[in-house]
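A.B. asks: Chain V: place on chain F using the hints.
Going down the list, the protein sequences come from chains F and V.
Mapping of the first sequence onto our numbering: residues 1 to 119, in sequence order.
Mapping of the second sequence onto our numbering: residues 1001 to 1110, in sequence order.
Check the hints yourself; a few may be wrong.
Each computed DSS-like pair below joins lysine-lysine, with the alpha-carbon atoms no more than 25 Å apart [as the list claims (entries may be wrong)]:
| no. | chain 1 | residue 1 | chain 2 | residue 2 |
| --- | --- | --- | --- | --- |
| 1 | V | K1047 | V | K1068 |
| 2 | F | K43 | F | K65 |
| 3 | F | K65 | F | K52 |
| 4 | V | K1068 | V | K1106 |
| 5 | V | K1106 | F | K76 |
| 6 | F | K76 | F | K43 |
| 7 | V | K1047 | F | K52 |
| 8 | V | K1047 | F | K43 |
| 9 | V | K1106 | V | K1044 |
| 10 | V | K1047 | V | K1106 |
| 11 | V | K1106 | F | K52 |
Just a sample of chain V residues kept apart from chain F, beta carbon distances all over 10 Å, derived [as the list claims (entries may be wrong)]:
| no. | residue |
| --- | --- |
| 12 | Q1016 |
| 13 | T1019 |
| 14 | T1023 |
| 15 | T1025 |
| 16 | D1052 |
| 17 | S1067 |
| 18 | T1108 |
Here's a subset of chain V near chain F, in silico, CB distances under 10 Å, partners left out [what the hints assert, rightly or not]:
| no. | residue |
| --- | --- |
| 19 | H1032 |
| 20 | K1068 |
| 21 | D1087 |
These aren't lab readings, by the way, just hints derived from the structure by calculation.
In this text, a Cβ means the ideal position worked out from N, Cα and C, and glycines have one as well.
The chain contents come next:
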Amino acid sequence: EVQLVESGGGLVQPGGSLRLSCAASGFTFGDYWMHWVRQVPEKGLVWVSRIKSDGSETNYADSVKGRFTISRDNAKNTLSLQMNSLRAEDTAVYYCARGVGGSRYFDYWGQGTLVTVSS
Amino acid sequence: QSALTQPASVSGSPGQSITISCTGTSSDVGGHNYVSWYQQHPGKAPKLMIFDVTNRPSGVPDRFSGSKSGNSASLTISGLQAEDEADYYCTSYTSSHTSVFGGGTKLTVL
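Just chain F, with the same shape it has in the complex (with noise of 0.2 Å):
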């Protein structure tokens, strides 16, 4: 069974640091793109960055760029988001999910992360 669990969130003042994770497990991790889609309570979801099944490509919202790193762990299956900078508008549930054929469709989802960002 398809498993992604999703860990890290809290509570972060404006300006700091946080790193979430998403533990993989029921599928061959090294085989696929893994996404973050993150959705502010009550609103819509948002695609905040993706990587290569291989970790050798990387890509990230406008809003995203420069503040938050995706990496992944192979060997660990383990999916990481760094996010630095944070400010309120990064307040959110983070989900992970997993894509297929990159980016044409996410089949799997994590149960999501709350990351609230307030002083």
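C.D. replies: Just chain V, lined up with the frame of chain F:
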């Protein structure tokens, strides 16, 4: 990276059909056949309902169907059921190697 345009809300009675539109540009919806649709119930993670414009994953009822014309895609749900009440999001791959979601549509089953 402007969000795709979806109606904020749609509604229908049980047994009826509804259609949710998703409008983008030639750089996303119109430029690729990588449009997918997701259903999200309150407090839950999104669930894939349609991929590659028209395809249903196994387990998704055939009451759900997708289509695309030009820069717009659509999700149609026929034979509405109470459990279909949820938020629905479209997404598309873009020419910038990113993905973009629609703003979401709240479906109310009357």
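A.B. asks: Does each hint fit the structure? Answer for all of them.
C.D. replies: Here's how the hints hold up against the structure:
1. K1047(V) with K1068(V): Answer holds: K1047(V) to K1068(V) is near 20 Å, not above 25 Å.
2. K43(F) with K65(F): holds (21 Å)
3. K65(F) with K52(F): holds (17 Å)
4. K1068(V) with K1106(V): holds (20 Å)
5. K1106(V) with K76(F): Violated. K1106(V) to K76(F) sits at ~38 Å, over the 25 Å cutoff.
6. K76(F) with K43(F): violated (33 Å)
7. K1047(V) with K52(F): holds (22 Å)
8. K1047(V) with K43(F): holds (16 Å)
9. K1106(V) with K1044(V): holds (14 Å)
10. K1047(V) with K1106(V): holds (15 Å)
11. K1106(V) with K52(F): Answer violated: K1106(V) to K52(F) is near 32 Å, above 25 Å.
12. Q1016: holds (25 Å)
13. T1019: At roughly 19 Å from the nearest Cβ of chain F, T1019(V) sits farther out than 10 Å, so the non-interface label holds.
14. T1023: holds (15 Å)
15. T1025: Consistent with the label, T1025(V) stays out of reach of chain F, its closest Cβ about 16 Å off (over 10 Å).
16. D1052: violated (6 Å)
17. S1067: holds (16 Å)
18. T1108: The claim holds: T1108(V) sits with its nearest Cβ about 16 Å from chain F, beyond 10 Å.
19. H1032: Where the cut-off is 10 Å and the nearest Cβ of chain F is about 9 Å from H1032(V), the hint holds.
20. K1068: violated (14 Å)
21. D1087: Because about 8 Å separates D1087(V) from the closest Cβ in chain F, which is inside the 10 Å limit, the hint holds.
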